[in-house]
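Enquirer: Residue-level listing of the chains:
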Amino acid sequence: MKTFEPVIVAFCCHYCAYTAADMAGSMRRCYPSNIRIIRVPCSGKVDAIHMMKAFQKGADGVYVAGCLEGDCHFKNGNTQAARRVAYVKRLLDEIGIGGERLEMITMSAGMGERFASTASDFTEKIRRLGPNPIKGLKKAEAV
Amino acid sequence: MKTQSALEKVLAAGHLAVTSECGPPRGALPDKIKEKAELLRGYVDAINVTDNQTAMVRMSSFAACLFIGQMGLQPILQMVTRDRNRLAMQSDIIGAYAHGIDTMLCLTGDHPCFGDHPMAANVYDLDSIQFVQMVKIMRDEGKFQGGDEIQNPPKMFIGAAANPFGDPFELRVARLAKKVKAGADFIQTQCIYDLDRFEKWMEGVRDRGLDEKVSILAGVTPFKSVGMAKYMKNKVPGMSVPDELIKRMSGVPKDKQPEEGIKICVETMQRLKEVKGVRGFHLMAIEWEQKVPEIVERAGLHPRPLV
Amino acid sequence: MITAEQKPIQEIMEYVRPYSRILLVGCNECVTVCAAGGRKEVGLLSSALQMAFMQEGKVLDVKEMTLERQCDPEYVEELAGSINQVEAVLSMACGCGVQEVARRFKEKPVYPALNTKFMGASERQGVWAERCQGCGDCVLGLTGGICPIARCSKRLLNGPCGGSSHGKCEINPDVDCAWQLIWDRLKALGLEKRYEDIAPAKDWRASRDGGPRRIIREDLAS
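Residue numbers (our numbering), protein chains in the order written: chain A, 1 to 143; chain B, 1001 to 1307; chain C, 2001 to 2222.
Cβ-Cβ distance ranges computed for the label pairs, FRET-style: (1) B:E1203 x C:E2218: 54 to 64 Å; (2) B:E1170 x C:R2104: 52 to 62 Å; (3) B:N1085 x C:P2073: 34 to 44 Å; (4) C:P2212 x B:E1244: 51 to 61 Å; (5) A:F74 x B:K1181: 58 to 68 Å; (6) B:E1287 x C:E2011: 39 to 49 Å; (7) B:M1119 x C:R2205: 19 to 29 Å; (8) B:A1028 x C:C2096: 38 to 48 Å; (9) C:C2138 x B:D1148: 20 to 30 Å; (10) B:E1203 x C:S2207: 33 to 43 Å.
Note that these hints are calculated values from the structure, not bench results.
Values in this document were obtained by computation on a predicted structure and should not be read as measured data.
Virtual Cβ for every residue (Gly too), placed ideally from N, Cα, C.
Chain A extracted, bound-state conformation (with noise of 0.2 Å):
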């Protein structure tokens, strides 16, 4: 059997991790190809209907990374991606998808390193929960 390789969205803050996935590139370092980056001017412009509509489209995995706390470009965006991350966690727990197949992380512009080792954990985290549960299941619908 195939490994199994999920699709993950990262919506990323044009202000750190944006800029820390570029670091990573210039480092030469490494990270999976399986994460879809989206370029956003603040973690906090993500909205719910954002992370959902990931799923509802078929990723496996989200995550929203934003700024440090207390580096937000604008004041606050980051701990807002925080908390809305956190309802939506939530949301998907109560509809079965699973809260755990989201995240919110933090890193500054310069931390290419850090961009991605996250990329390759959340990637695991999400190989080793398996295919987002309604993929499969769309899919048989469209035939």
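Knowing the structure of chain A, use the given hints to seat chains B and C on it.
Expert: Coordinates of chains B and C only, in the frame set by chain A:
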């Protein structure tokens, strides 16, 4: 005299009155209430019968009052506005009076969230002050709250509660003034442990001459143990228990604590006797009715006057 | 405003289970402000329901609409074009909106997705508290602008009960004692004397106790 109430007669004759209370049983157990009341015979002038106290369902105060009345003792019908609207309250009052119950205590009642039916609708059609006003109008004007005339109106001796230890303290005298204005004849206070605060309150009461207009019965409750003292201090809202009493209770071995609790209670009563405006005592020995005679005797309030 | 909270998702799912095509209708008024039933919440609930049912092997077709006001027939009429394409309506409005949709579309089952809570105000971002019970005979002019009916646990009209402790209500230390607030405000306004007037027994006819209420403005009524 406004009524036939034995309590009114004792007070009118200038004696220090003594009342105590019985909580009705949680079941159709007439013997329970009779046993409790029998313990008090000859030691108190009247017996308060609680109305679903702490919002727990019990035999109705009215029914339990009937048993006590049949024993030749004097019941005080307690009634709370939590469970009944003004229709139900007035019909129970005339019913009780028709059975010879002539003394009552008008209360708001604990919120249902404290009891065994937290899911119940709470009524609070009236508050305690409006309740007192209603009973007074029934008695003095012979009218129902709705305005119609009552045939043979109930002549109730009207009691109300006062808590000198609730907040805001500066409102506590004003609130008593409102109850007096509404028509309260006697007041039974919350359990007194904090004598300093009580005396301060009484000072305010006397300054306004309220002690001349209403008979204040000082509430006392003996501690059974240091645990109970701590519970009263920490868990009962609107209760003030000084630290030195807790210290005193915990300073004696467990088997001596009941005696210490009674000693404190008797000492409190002795000191309260000296407070101008205190016209008697309301002794709430919670699930400890058998100690009431001893406390009354040791406080020098036995035998009770015959009026 | 009228505040509301979403029902547990399991309860909503039980309502929706028999159907495969539903209309999920939000409201742009109060429930949008209290983040319970506006456009955003409609989108989230739609997504959640679809994913939840998908795991049961069912494709739920959700048509999303958010009306300007669900309690006014003019706006509810906007559903007329879509109503025949669905088997049932799930409303994210307060109880008034749910009923207005049910009244207009008699042949369609309408289900509530929210529990309507109370008339309240926003204390701070994300926190709403009860302020008014709609008793129909406002006493705020006598109580320093703080309502004892809505904010005292025993709706006392003549002052605090014995359970008022350090400004808090006996039922819960998180609840302010309304009469402490009233007293503080009367003092600040120099109106303490007002406290000693006895508030007579309230005439509850103006409230719900007089039966379902209605307002008719002769000059406006058609």
